[in-house]
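K.L.:
Sequence:
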Amino acid sequence: MEATFGKSKSSHHRAVRDVYDFKMLNWFVGAANSPRDLAVLIDSATYVSDKNRRLTIATTRVILDTLGPNDYVNVYRYGENAEEIVQCFKDSLVQASPENIHEMKIALTFVKHEDPATNISAALSTAFEILHKYNRTGQGSQCNQAIMLITCDTGGPPMEVIKRYNWPHMPVRIFTYLIGGDKSPDLRNTACTNKGFYARITNVDEIHDKVFEYVKVLARPMVLYQHDHPLHWSPAYIGGKSSMYGKENRGQLMTSVTAPILDRRNYTVKTANLLGIVGTDVPVEEIQKLVPPYKLGVNGYSFIVDNNGRVLYHPDLRPLPGNIEYDETLKPSYISVDLSEVELAEYDGPSTPPNNSLLLDLRRDMIDQKEGETDFTIKIHYDNMKRVTIRRHNYFYKPIEGTPFSLGLALPEGYGMFELRAEHEIKLAIINVTEYFKGSNWKVHPDWVYCEYNSASDKFFSSPEERVLHFLARTRRPGWKWMSLRSRSPSSHHKQASKPDKDAYYCDKKLVQSLVLDALVTDGFDKREAQRMRKEENENPIAILMALLHSQGKGRFGVTRSFIATRSGLLRWHEHLQSDDSVDEPRFAEKHARAMDSSWYKRAVDQHSIEPESFVFSVPFDAAETADPLVTATHAIYIGKSHKAPAAVVGLQFQHSSLATHFVNITSTCTGMTGCKKNCASEELDCYILDNNGFIIISERHEHTGKFFGEIDGTIMDSLVQDRIYRKVTVIDYQGTCSPQESHQSSAPRTLSNSVIKTAVTFGNFLWTLVLGLNIQDFWRTTLAFAKDAMHSLDDDLIFTDDGETHDLESLTPVDSTEQATSDNNIYMRFPMIAPASPPTTRATSAHFPRKLRSCEKKTDLYILQPERLNTSGQSNPLKGKLTNCHVTGCERPFSVQKIRHTNLILLVVDTLCPCGSKQLSIEPIEALTEPGACTARRERLYRRRPPKCINYHPEEMEIKFCGDADRLVSFSSLSLKVLLSIVTVRLLLA
1 MEATFGKSKS SHHRAVRDVY DFKMLNWFVG AANSPRDLAV LIDSATYVSD
51 KNRRLTIATT RVILDTLGPN DYVNVYRYGE NAEEIVQCFK DSLVQASPEN
101 IHEMKIALTF VKHEDPATNI SAALSTAFEI LHKYNRTGQG SQCNQAIMLI
151 TCDTGGPPME VIKRYNWPHM PVRIFTYLIG GDKSPDLRNT ACTNKGFYAR
201 ITNVDEIHDK VFEYVKVLAR PMVLYQHDHP LHWSPAYIGG KSSMYGKENR
251 GQLMTSVTAP ILDRRNYTVK TANLLGIVGT DVPVEEIQKL VPPYKLGVNG
301 YSFIVDNNGR VLYHPDLRPL PGNIEYDETL KPSYISVDLS EVELAEYDGP
351 STPPNNSLLL DLRRDMIDQK EGETDFTIKI HYDNMKRVTI RRHNYFYKPI
401 EGTPFSLGLA LPEGYGMFEL RAEHEIKLAI INVTEYFKGS NWKVHPDWVY
451 CEYNSASDKF FSSPEERVLH FLARTRRPGW KWMSLRSRSP SSHHKQASKP
501 DKDAYYCDKK LVQSLVLDAL VTDGFDKREA QRMRKEENEN PIAILMALLH
551 SQGKGRFGVT RSFIATRSGL LRWHEHLQSD DSVDEPRFAE KHARAMDSSW
601 YKRAVDQHSI EPESFVFSVP FDAAETADPL VTATHAIYIG KSHKAPAAVV
651 GLQFQHSSLA THFVNITSTC TGMTGCKKNC ASEELDCYIL DNNGFIIISE
701 RHEHTGKFFG EIDGTIMDSL VQDRIYRKVT VIDYQGTCSP QESHQSSAPR
751 TLSNSVIKTA VTFGNFLWTL VLGLNIQDFW RTTLAFAKDA MHSLDDDLIF
801 TDDGETHDLE SLTPVDSTEQ ATSDNNIYMR FPMIAPASPP TTRATSAHFP
851 RKLRSCEKKT DLYILQPERL NTSGQSNPLK GKLTNCHVTG CERPFSVQKI
901 RHTNLILLVV DTLCPCGSKQ LSIEPIEALT EPGACTARRE RLYRRRPPKC
951 INYHPEEMEI KFCGDADRLV SFSSLSLKVL LSIVTVRLLL A
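Quick note: the sequence shown, position 880, residue 880 per the UniProt record's numbering, numbers continuous.
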């Protein structure tokens, strides 16, 4: 915990230079004050001299810095008339989001002094009118309201205007700031008679302290009530360094929870002092640990939404990398991303309710902290917004009591509602289960919590694997207990233990025992000697697979690596060939330790829903820059008679040159009894292998490999979209970044021989032979049977049921008893309960980002293959098309497309003789054609909920006379303040 007041902040950071004034930050001001509506009035006369102009801009900026997403504000420049400095904020108060505040700060620099005289009466009338309008209509904060008057005129405003709008009840406070000049009794009197504060600002150094006085004044009612300590949760921000393996040098998302420290002493003169703020910084990754990702499964994720609809975390939350300013000054950069900007709803058409409406209903329910469920279709993008898929999600949501947050779970329709329950009972194991983790060719998910110590320990683990082995060894000690329920905070009537137990730990029994079972059934993956594997062929199906790859893979297919990633986070791999440049490439394990978060894992599971027996092929996007890149082929393994529960993904990596050679050989050979006039080797045809997102896997020109086909031939790509072979999906990136130089841009009858089309079938057979020479379902089924037999012979206790521990989580959906018993050994179950799980953590790095980058909205058009268009009655029949009227000669350009069976690929053959022009299509996101910056009204129309508590009035406040610079400030010695804070903090924690 930390108690703060003054010029520094207790923190684990050391050697911090020029610490930012924390009193202006949301975690401090949000705890000190209830929400507010502010109308800031700037006298244009303050812009006459350079010094006053700088003081005015700096003062206004500091005022704006004190505001957060629960506040509303507008800034007016007044001369003869009052007008908003941001024109698109006309006649309104806007939410004090980072985007709106940024827009106002920019506009401050463009304010000019143009009027010969100023009309302060008109300015005050404008401010009172907008504040009263928002109060009457239920808009804005519905709590504190204030006018911030910044002027260099010592004369003060006419009281008749103030009396007409504000007296006798004074719903609006008035704070006056005199820029330069002499003292102004009139301005001071205006503030004092309207429950405000007067400050005279003559230099930049005193601005923070002078502005902070208004925060202390707004805190007076809360101080006078004495016993109310409302908790405040700040928005997410990037702060500090991540504690996760492999992310130690990256920034992490944080939130702060704070409460006010109130002065309860009695004074001769009536006063109400805010002593400070007590609170703690909470790493968001620690919150995510409470939602284990394995319980949600692949492509499932959790997210948290606050009362403003902003996400605390979400797998698509992408804050700017790093936060150098925080590292140097502790000033956080708050994240403001709405749920509607990361859940991209897909529109189904007029015949069904728009998914966007269902998304907004979900958002409203979560903001209102309701419990419920819904489902709709969304767009999911992969690989830095180069790929997209359409998926229907089931959403479950529930409030987090005592906070402004609601937790949401998103589960894919179908397989996402089932969970594989298969564990190895460690206590009953005869042999040491660490035997299944021999060698160095395995990894566990570094972000998942298998086991960990509850507090700082003298035990240091250099890797997640070392930590897993440490706790597996502990399970064999006498008196071992799983401790699968995380310790809760002590109740208020319990005294805190004097010293925490350094050996106290948490272990997820279900996850660990699932990991051990997966390790058992994949044991032998690292056996490299083919002879040894052949001896085990009758016992271990993994050995059968490895023997096949050893005997055929190296020479025929150029297989360099095989791997398997399981639902427990286990990754095993085997190197078949050592590449000459493997030293320069990042190791496979380092790149893919978070296997379930990888696109190849997610895409393989999604592909199973389209074609259960198919493999997903991919190449790196920069494959053309590599002499011999690797092709990755992956396949999802589902368990159960109905194949409902994804258990693992198996894959191969092999040399692209081998695949390309076989492609050329097959497509250059005429098949059938009759000869063919044209094939892919002729100059009349161009042949391509494209994946399901339109990327080139194989071309006759190596420099095309990995590129989006639309960049090579956009005209044909457009035709494929028109023929409904590919579907174009527009994706908007609401978290984009643009440079100032960027602007709105645009991205841009002959027949083919049937013998060429037949090559698709031949090549498909080759790919199917390549990926596996045995049925993959039989392979995994045999593997489980082998594991079961082995377990019975060792322990006679292979369990496929819940571990029996109780959880305080309610069921997501009723379990269908008829479906539960459809699988052998009940190996998969309906998803049983709200299983707190976390998505992949946000990738926030500490890499230096150019300072001139600005936030912007971008959009791009991505593409998805429509395989049903190429499957007629279960057959992959070729579709033929042609481009007409594309040349002055009137020639036509035919093309043909055929699905390659058991893959996510198509064969595209294009005639080249007709010189049709070819445009280029780009999938690079471009800036969307929207109004600049915060002037888009989309966010202002979104629903939000005010904080539940408003403390803005106390009848005794009128007795407080301290209201400006002329009064004597109450001060305490540094030592007495520290003692007081310590006492109050302890009492608050134990209260």
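Please note: incorrect hints may appear among the correct ones.
[What the hints assert, rightly or not] With beta-carbon atoms standing in for the labels, derived distance ranges:
#1 E435 / E613: 31 to 39 Å
#2 S121 / Y953: 45 to 53 Å
#3 T737 / T193: 28 to 36 Å
#4 D628 / A681: 20 to 28 Å
#5 F461 / E868: 16 to 24 Å
Read the hints as simulated data drawn from the structure, not as lab findings. In this text, all values refer to a predicted model and were calculated from it rather than measured experimentally. For glycine and all other residues, C-beta sits at the position ideal for the given N, C-alpha and C.
K.L.:
Given the hint of 31 to 39 Å, is the C-beta distance from E435 to E613 inside that range or not?
P.N.:
34 Å, holds
K.L.:
Quick check: does the Cβ-Cβ distance between T737 and T193 fall within 28 to 36 Å?
P.N.:
Given about 48 Å between the Cβ atoms, the range is violated.
K.L.:
Could you see if the CB distance from D628 to A681 stays within 20 to 28 Å?
P.N.:
Taking Cβ atoms as reference, D628 and A681 lie about 21 Å apart, which means the hint holds.
K.L.:
That 45 to 53 Å hint for S121 and Y953 (C-beta), does it hold up?
P.N.:
Between S121 and Y953, where Cβ atoms are some 27 Å apart, the hint is violated.
K.L.:
Looking only at beta-carbon atoms, does the pair F461, E868 fall within the given range of 16 to 24 Å?
P.N.:
49 Å, violated
Violated hints, listed in ascending order, are 2, 3 and 5; each of the other numbered hints is respected by the structure.
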